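Let chain A serve as the given structure and place chain B on it in line with the hints.
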Amino acid sequence: MEIVKLLSVLGAGLAMGVGAIGSAIGEGMIAMKAVESLGRQPKASGKIVRIMIIGQAVTETASIFALVVSLLLLFQSGDQHFIKGFTFIAAGIAIGFGTVGSGLGAGLPGSAALEGMGKQPENSDVLTIQMIIGQAVTQTSTIFALTVSLILTLLTPVYSFLKIFAILGAGFAMGFGAVGPGIGDGLVARQANYAVGKDPRNMGLLTRTMIIGQAITETTDIYALVVALILIFVV
Amino acid sequence: MDAITGDQLIKALALLAAGISMGFGAIGPGIGEGFVGGKACEAIGKRPDEANLITKTMIIGQAISETTGIYALVVALILIFVV
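Chains as they are written, first to last, in my numbering: chain A, 1 to 235; chain B, 1 to 83.
Honestly, the hints are just simulated from the structure, not real lab data. Please note that the accuracy of each hint is not assured.
Unchecked claim - Some, not all, of what chain A presents toward chain B, calculated at C-beta under 10 Å:
| # | residue |
| --- | --- |
| 1 | Ala90 |
| 2 | Phe97 |
| 3 | Gly101 |
| 4 | Leu108 |
| 5 | Phe161 |
| 6 | Leu162 |
| 7 | Phe165 |
| 8 | Ile167 |
| 9 | Ala170 |
| 10 | Ile183 |
| 11 | Asp185 |
| 12 | Leu205 |
| 13 | Ala224 |
Quick caveat: nothing in here was measured; it's all calculated off a predicted structure. For every residue, glycine included, the Cβ atom is placed at its ideal position computed from N, Cα and C.
Okay, chain A solo, but in the shape it has when bound (with noise of 0.2 Å):
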C-alpha cells in the first residue's frame, strides 16, 4: 500500500534529520576545544589534531547509526500491510532522538581531553584513553536505540488497532528515554577527563568512578528499553 511507503520515508527523514542534531554539535564543542588548545600550544599541534580526529569519529558513530537506519527505511518496498508502515516511522523515531544524547554525550569528554591538552600536552596518551572510554559507555544508549529500531524494522507484528500504538509508544520511549542517559554520561566522563588532564596520577581511581557513574546513570535507559520490549514483544 501506498500509505507503507509514505510512513517508511518519513520515518527515513526523522531518522536522520534529527539524528544528525547531537553528533554534529559534540563535534563542533571537540573542534573548538581543539582549536583553543592550538593557539595556547601551538607546538604540540599534531597531538591536539589526532585526539580531535580520535574523539569526532567517536563522536561520529552515533550519526552514522541513524544513517544505517534511514537507509534501510529508504528502500522498502510499499507493498507490504499497513502496520509495517508504522513500525517504520517508530523505527525512525527511536534512531532519530535516540541518537542525539550520546551524540552530545560524547563530544563532552572529548572537549575536556582536547582542553587538558591545551594545559598540559605531555597527557596526551593517558587524555587519549580515558577520552575513549568514556565516549564508548556514552554510546550505549544509542546502541539500545539502534537495537530496538532495527527490531522495529525487520518484524513484522501481527495487525491489531492495540498493536499499532504500541509500538509507536516503543518508538517514543526508546528514542526520547536514550536522551538523557546519553547526555548525563558524558558529564560524568567530562569531569573525568578534566580531573585526568590536571593530574594523570589519578587516572586509575578517576576510570573506576566514571564507569560506576555512568553505569547508574544508563539505568533510565535500560528501564526505557524494557518499556520498549514489553511494548513491541508482549502487549
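What follows is chain B alone, placed relative to chain A:
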C-alpha cells in the same frame, strides 16, 4: 475491519502514553545523575584520598535522582498492564 470501541481506544492511547511517559521521564534523571557523577569525578581529582567517601555519596545521590525515573517506569507499567 471491525469498528473500534471506546474501550479499545482507551487501551490504545494508554499504550502510547506508556511510551511517552517512559521516554520523557528518562530525560531528567539521566542528566541529573550525570551532574552527580561528574562532580564526584571532579572531587576525586582534587582529593583522591577521600575517594571511598565520595563514591558512597555519589551512589546515594544518584539513587535519589533515579527515583523520578522509577516513577515513570511504574506509571508506564501501570498504563500497559492495568489500564
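Each hint tested on the structure:
Because the closest C-beta pair between alanine 90 (chain A) and chain B is about 9 Å apart, less than 10 Å, the hint holds. For phenylalanine 97 (chain A), the shortest C-beta to C-beta distance to chain B is roughly 8 Å, which falls under 10 Å, so the interface hint holds. A cut of 10 Å between beta carbons decides the hint on glycine 101 (chain A): the least distance to chain B is about 7 Å, and the hint holds. This hint holds: leucine 108 (chain A) has a C-beta 9 Å from the nearest C-beta of chain B, less than the 10 Å allowed.
Residue-level restraint check for phenylalanine 161 (chain A) holds (minimum Cβ-Cβ distance to chain B is 6 Å; threshold 10 Å). Evaluation of the leucine 162 (chain A) hint against chain B yields a held restraint, the C-beta minimum of about 5 Å falling below 10 Å. For phenylalanine 165 (chain A), the interface hint holds, since its Cβ comes within 10 Å of a Cβ in chain B; the closest pair sits about 4 Å apart. With 10 Å as the threshold, the beta carbon of isoleucine 167 (chain A) comes within range of chain B, its nearest partner Cβ sitting at about 9 Å, so the hint holds.
The closest approach between the C-beta of alanine 170 (chain A) and any C-beta of chain B is roughly 6 Å, which is under the 10 Å cut-off, so the hint is satisfied. Hint status for isoleucine 183 (chain A): holds, given a least beta-carbon distance of 5 Å to chain B, under 10 Å. Here the hint on aspartate 185 (chain A) is kept, as its CB sits about 6 Å from the closest CB of chain B, short of 10 Å. Checking leucine 205 (chain A) against chain B: minimum C-beta separation of about 5 Å stays under 10 Å; hint holds.
Because the closest C-beta pair between alanine 224 (chain A) and chain B is about 5 Å apart, less than 10 Å, the hint holds.
No hint from the list above goes unmet by this structure.
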